[in-house]
Amino acid sequence: MEATCHRFGAASARALADEQLQQALRHLRGNFVVRRAQAAARLPEFDSLRDAARAIKDEALEHLDLYLERFAAKVEESGGIVHWCSDAAEARAVILDICRGLGARTVTKGKSMVSEEIGLNDHLAAHGIEPIETDLGEYIIQLRGETPSHLIAPAIHVTRAQVADAFRAAHTDLDPARSLDEPATLLAEARDRLRQRFLAADVGITGANFLVAETGSTVIVTNEGNGDLTQTLPKAHIVLAGIEKVVPTLEDVATILRVLARSATGQEMSVYTTLSTGPRRAGDRDGPAAFHVVLLDNGRVRMLGSEFREALRCIRCGACLNGCPVYQAIGGHAYGWVYGGPIGAVLSPAFLGLAAAPDLPQASSLCGRCEDVCPVRIPLPRLLRRWREVAFAARIGAGRSRVVTRAWVWLARRPRLYRLLTGLAARLLGFAGRREGAFRFLPFASGWTATRDFPAPEGRTFHSRWQQRERP
Amino acid sequence: MTGARETMLAEIRRALGRESSGPAATAVASRLAAHPAGPVPARARGTRVELLDRFGLMVEASAASIAKIASPTEVPRAVAAFLARHNLPAALRLAPDPALTSLPWAGTPTLSISSGPARPDDVVALTPAFAGVAETGTLVMVSDPATPTLLNFLPDTHIVLMRGHQVVGSFEEVLARLRDRYGEGTLPRTVGFITGPSRSGDIEQILQMGAHGPRRLHVLLLDDEAPQA
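Protein chains in written order, with our numbering: chain R, 1 to 472; chain S, 1 to 229.
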């Protein structure tokens with residue numbers, strides 16, 4: 001997928017002005033955020049499970065080579081084939097080869113962010129193989145020619161009227177006058193349409209939530225059941241997964257499952273969690289004859305050896321997106337690549353290079369909600385701050401912000417001068433703003449005051465109040 | 001392919017700053033062999049009666065339904081009653097498992113019965129479970145010649161026969177039973193954890209049932225643990 005992260009500023013301004021998008025994003029807060037909090041509250045062990053989940057992912061990453069070796073050996077033992085791909089182009093080539101070898105014309109797909117990462121659909125289509133997304137949200141955005149705007153709710157930016165328009169445009173054999181006002185009608189139409197595609201597909205491609213080293217199993221988690229139909233009906237099942245998805249044992253899967261759905265949708269468990277181990281066995285009455293696992297690096301090994309390793313713990317639940325005030329305001333597309341929200345602001349610079357996504361680490365108020373809800377406790381604010389330091393040191397980013405930062409650093413290293421100047425500024429602004437309580441315009445701060453008021457200080461700095469022990 | 005594999009593994013080791021063998025390999029091997037459990041929620045513990053009750057409540061919380069029966073011979077009537085109550089077609093596809101096909105189906109002549117793997121037009125399936133999890137109301141299904149996978153996904157209505165002794169408290173207990181049956185480090189082709197009927201919230205976050213899998217999920221819980229009268 002082509003990255004447009006460098007246009008974050010313009011894209012977020014467009015997102016804020018997009019009425020349809022703002023209407024669609026309103027559904028986010030009342031649903032995922034509230035339900036996650038309720039699910040966490042229902043399980044007294046939730047926080048200790050988060051600690052355990054973090055420890056499991058750390059253990060897997062610390063011994064990634066050994067667990068991957070064991071995983072691959074077990075896949076091969078069960079009759080599957082493992083492909084080791086260092087980048088997107090290699091993974092695309094391997095998958096195209098498998099499809100061609102089977103004479104595939106259509107390929108059904110379960111939801112996979114890694115597939116977006118490597119631009120698989122365009123590659124298959126360019127070579128005459130039709131990819132069909134089967135997750136309802138993915139199907140909708142595929143019809144609209146879009147990319148996902150959320151890790152688990154890819155069409156969260158789309159209103160039902162827009163879904164109806166997309167279906168009318170795509171399903172031209174149906175009565176154009178049919179009613180498509182209700183979500184239930186839309187779902188029924190998609191189910192019927194996709195059922196035919198499931199039955200006709202030659203190859204099924206899914207992602208993986210986990211790769212289990214102990215047994216060589218791949219694990220998918222869905223609510224719709226589309227992943228299972230995708231991987232069971234066709235002649236071949238291809239699993240496409242980042243190498244960081246490996247976990248040691250089945251017990252580790254059980255532990256992480258306890259935090260995954262609760263963090264994602266607030267369910268106790270997602271509806272379908274399926275462990276797949278190898279192809280169809282002797283005597284089996286259904287299931288794929290061939291089972292391939294495509295293991296993708298694509299920048300992950302580099303992250304493993306960097307100070308951003310902790311971001312590889314991510315289990316793609318979406319909780320950090322849902323809680324983020326920035327994501328809530330602009331949605332996922334403005335982030336410009338596959339992964340949006342706080343985790344995307346950490347991952348995109350790591351995968352694409354900071355120069356390609358210079359503004360993303362700035363797209364955060366560092367309020368810390370993302371870390372508060374992360375099921376594997378990724379210190380997202382710290383990692384975002386770290387990217388800001390890297391950007392400053394490497395002279396990446398807007399010149400004006402660099403000048404201001406440098407001036408601030410100079411001042412902050414001179415405590416007496418700092419106190420004098422901030423004390424003056426607080427008194428001056430406090431005096432000037434005492435009637436209105438806020439400023440509609442401030443010199444040098446038009447970037448702030450163009451879209452919101454700047455609250456007037458009370459007249460004294462935090463430092464001086466702290467010194468006089470005015471502690472709360 | 002070996003080249004690509006060795007290259008990636010070497011790069012990973014370089015990133016981690018460590019050799020392939022030595023204490024790390026021993027530690028990993030023993031962790032895999034010991035497969036230690038994480039924190040198991042307290043709700044997964046209890047007496048048999050408590051666990052069966054919790055299983056029933058959690059099944060219902062997942063938007064599935066559950067009915068208790070006292071003997072396998074009641075299965076045909078319970079299935080017929082469920083289908084009639086919901087005004088569903090009386091055409092039943094059975095998993096090709098003798099435990100199901102040998103039931104007294106002749107007693108319910110209104111049901112049309114067939115058995116085998118799922119066909120695209122099958123509307124109701126009855127399949128046996130491997131285990132049930134009280135913690136979440138999850139049904140555990142394994143694939144083998146007698147239990148083809150697609151019966152759990154293609155038909156619009158899925159009915160599952162669960163025996164009381166198959167219900168355990170936690171996922172870890174299910175894993176222990178899987179290892180007992182299939183051996184350490186080995187699984188059947190698919191192990192499916194099913195928690196409720198298929199659903200999607202992808203259109204405006206409004207929950208809709210029956211996305212691609214079954215719209216209805218019904219559990220027949222066979223009480224095979226009560227003392228015989």
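Calculated directly from the structure, the hints in this document are not laboratory data. Please read these numbers as outputs of a predicted model, since none were measured by experiment. The beta-carbon is built from N, C-alpha and C at its ideal position, and this holds for glycine as well. Among the clues, some could well be false.
[Unchecked claim] Over 12 Å on every C-beta distance to chain R, these chain S residues come out as not near it, computed from the model: (1) Arg-18; (2) Glu-74; (3) Ala-80; (4) Asn-152; (5) Ser-170.
[Claimed, not checked] With a Cα cut of at most 25 Å, we get these calculated DMTMM-like pairs of lysine to aspartate or glutamate: (6) Lys-235(R) to Asp-122(S); (7) Lys-235(R) to Asp-121(S); (8) Lys-68(S) to Asp-156(S); (9) Lys-235(R) to Asp-181(R); (10) Lys-68(S) to Glu-204(S); (11) Lys-235(R) to Asp-224(S); (12) Lys-235(R) to Asp-58(R); (13) Lys-235(R) to Asp-156(S); (14) Lys-68(S) to Asp-97(S); (15) Lys-235(R) to Asp-47(R); (16) Lys-235(R) to Asp-286(R); (17) Lys-235(R) to Glu-90(R).
Outcome of the hint check:
1. Arg-18: 8 Å, violated
2. Glu-74: The claim stands: Glu-74(S) keeps its Cβ more than 12 Å from every Cβ of chain R (closest is about 27 Å).
3. Ala-80: 26 Å, holds
4. Asn-152: 8 Å, violated
5. Ser-170: Since the minimum Cβ distance to chain R is about 8 Å, Ser-170(S) lies within 12 Å and the statement is violated.
6. Lys-235(R) to Asp-122(S): 21 Å, holds
7. Lys-235(R) to Asp-121(S): With a Cα-Cα distance of about 20 Å, the restraint between Lys-235(R) and Asp-121(S) holds, given a limit of 25 Å.
8. Lys-68(S) to Asp-156(S): The given pair, whose Cα atoms are some 22 Å apart, holds under the 25 Å limit.
9. Lys-235(R) to Asp-181(R): 37 Å, violated
10. Lys-68(S) to Glu-204(S): 37 Å, violated
11. Lys-235(R) to Asp-224(S): Outside the cut-off at roughly 40 Å; violated.
12. Lys-235(R) to Asp-58(R): It is violated: about 36 Å lies between the C-alpha atoms, which goes past 25 Å.
13. Lys-235(R) to Asp-156(S): Status holds; Cα separation ~23 Å.
14. Lys-68(S) to Asp-97(S): It holds: about 21 Å lies between the C-alpha atoms, which stays within 25 Å.
15. Lys-235(R) to Asp-47(R): With Cα atoms ~42 Å apart, Lys-235(R) and Asp-47(R) exceed 25 Å; violated.
16. Lys-235(R) to Asp-286(R): Within the cut-off at roughly 10 Å; holds.
17. Lys-235(R) to Glu-90(R): Roughly 22 Å between the alpha carbons, so the hint for Lys-235(R) and Glu-90(R) holds.
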